[in-house]
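Protein chains: 2
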Amino acid sequence: MPVRLTGLKHSTCSMRVLITLEEKGVNDFDFQEIDMAAGEHKSPEFVEKNPFGQIPVLEDGDLTIFESRAICRYLESKYKGQGATLMPSPSDIKATAVFEQWASAELTHFDAMISSIYYQTTIRKLQGLESVPEILAENIKSLSANLDVYDTILGRQKYMAGDEFSLVDIFFVPYTNRTFKMGLGNMVTDRPHLKMWWETVSSRPSLKKWST
Amino acid sequence: MPVRLTGLKHSTCSMRVLITLEEKGVNDFDFQEIDMAAGEHKSPEFVEKNPFGQIPVLEDGDLTIFESRAICRYLESKYKGQGATLMPSPSDIKATAVFEQWASAELTHFDAMISSIYYQTTIRKLQGLESVPEILAENIKSLSANLDVYDTILGRQKYMAGDEFSLVDIFFVPYTNRTFKMGLGNMVTDRPHLKMWWETVSSRPSLKKWST
Chain A
1 MPVRLTGLKH STCSMRVLIT LEEKGVNDFD FQEIDMAAGE HKSPEFVEKN
51 PFGQIPVLED GDLTIFESRA ICRYLESKYK GQGATLMPSP SDIKATAVFE
101 QWASAELTHF DAMISSIYYQ TTIRKLQGLE SVPEILAENI KSLSANLDVY
151 DTILGRQKYM AGDEFSLVDI FFVPYTNRTF KMGLGNMVTD RPHLKMWWET
201 VSSRPSLKKW ST
Chain B
1 MPVRLTGLKH STCSMRVLIT LEEKGVNDFD FQEIDMAAGE HKSPEFVEKN
51 PFGQIPVLED GDLTIFESRA ICRYLESKYK GQGATLMPSP SDIKATAVFE
101 QWASAELTHF DAMISSIYYQ TTIRKLQGLE SVPEILAENI KSLSANLDVY
151 DTILGRQKYM AGDEFSLVDI FFVPYTNRTF KMGLGNMVTD RPHLKMWWET
201 VSSRPSLKKW ST
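Protein chains in written order, with the UniProt record's numbering: chain A, 1 to 212; chain B, 1 to 212.
Simulated from the structure, these hints should not be mistaken for lab results.
None of the values given here were measured: they were computed from a predicted structure.
Errors might be hidden in some of the hints.
As the list makes no split between identical chains, a pair holds if one copy fits it or if it spans any two.
Stated by the list, open to error - Pairs of lysine to aspartate or glutamate, DMTMM-like flavour, derived with a Cα cap of 20 Å:
| id | residue 1 | residue 2 |
| --- | --- | --- |
| 1 | K208 | D28 |
| 2 | K195 | E134 |
| 3 | K94 | E48 |
| 4 | K125 | E138 |
| 5 | K125 | E48 |
| 6 | K80 | D92 |
Bound-form chain A, shown alone (with noise of 0.2 Å):
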């Protein structure tokens, strides 16, 4: 039985998953994509599967999980050997560590502030609202220092976690476009390193398809 996706192409956390199963070589899965005007999220169902009410939930038989890059973890374990490689075995401890390192790092140093911002100029105006000034400028403040830093971080290695891609370029995709629709794309092309690693994950045939 394939397994089954619900949430939305457009959804920057679903989109996490898509191209996850796409460098996965994973065609055969089931996407059911949900009507979140009309709340199917925060129905007594779907709460069932994530009480926090978001999507993406991935089932797989008796498995139900949430949370996007938890969902990209287990599907890079489930077809290990199928696909691209995107994380380095659990055998090999100190590359873990590496690699959890940048993980983590995607979360408190990029996602705490983007998707802030993201909420502000874009998921507001969808519900009529304006953005708070304060809020917007204090993540836009704290954003660029980070990514300062990502820029001299990605002068020493090619991807977000090292020499190769992995889950956690994934894990930075759906913001890093979307910074180009909120138009702060020059946060991206004005640090020539950061702009470089853009270039080269955004060619690649699974962004292609499921980056939007």
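Take the given structure of chain A and dock chain B to it, following the hints.
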């Protein structure tokens, strides 16, 4: 040669690592406290170890890693079979998927908000600055909604990643403790299952020793 931890006893992120070392029964580590007031964490020597200029950093022979959660994961692997078991075995890919789901949720549904609240209420005060009311209000609102969900979750499972104590509980410890110091302890104690979880977790010797 013992592992070397550079950090600060009273820093939230260092605390995660110190508690993990205690849970693993590791007593022979070299703990280097840093003088943050003197800016040691922004020195060229330290930034070479962590380009973000933040503590803690762990050194083990030729391995240098930052990001507290990544360090805790590494210690669990290095000292596997010693002290408490804090993560499922990587060979159990379904149990690992569930662990990763809860580990990711700690960052996206707890840390993202509480670290901002702590910065606003505590760090800015140390810097002689007022908190920004809009940022504080937004984060308290989001965190409250998420803690309601955690209260439901902890009515179904004893710990943050299932029925066993794990690294995910340790990840929650420093900022849960700080809610009380920030005058926001009712966010924990008003929620019965969350309150019970905190009573259970904070009674462990590792927290009695290192949670401040």
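ask   = When no copy is specified for K195 and E134, does a C-alpha distance of 20 Å or less occur within a copy, between copies, both, or neither?
value = neither (28 Å within a copy, 33 Å between copies)
task = If the cutoff is 20 Å on CA atoms, where do K125 and E138 land: within, between, both or neither? Let me know, please.
result = Intra 19 Å, inter 16 Å, cutoff 20 Å: intra and inter.
ask   = Between the shortest in-copy and the shortest cross-copy C-alpha distance, which are at most 20 Å for K208 and D28: within, between, both, or neither?
value = Answer is within: at 19 Å inside a copy they meet the 20 Å cutoff, but 51 Å across does not.
inquiry  = When Cα atoms must be at most 20 Å apart, do K125 and E48 count as within-copy, between-copy, both, or neither?
reply    = neither (29 Å within a copy, 41 Å between copies)
ask   = For K94 vs E48, is the C-alpha pair at or below 20 Å within one copy, between two copies, both, or neither?
value = between (37 Å within a copy, 18 Å between copies)
K80 and D92: within-copy, between-copy, both or neither at 20 Å Cα = Classified as both; 15 Å inside a copy, 13 Å across copies.
When held up to the earlier numbered hints, the structure conflicts with 2, 5 and fits the remainder.
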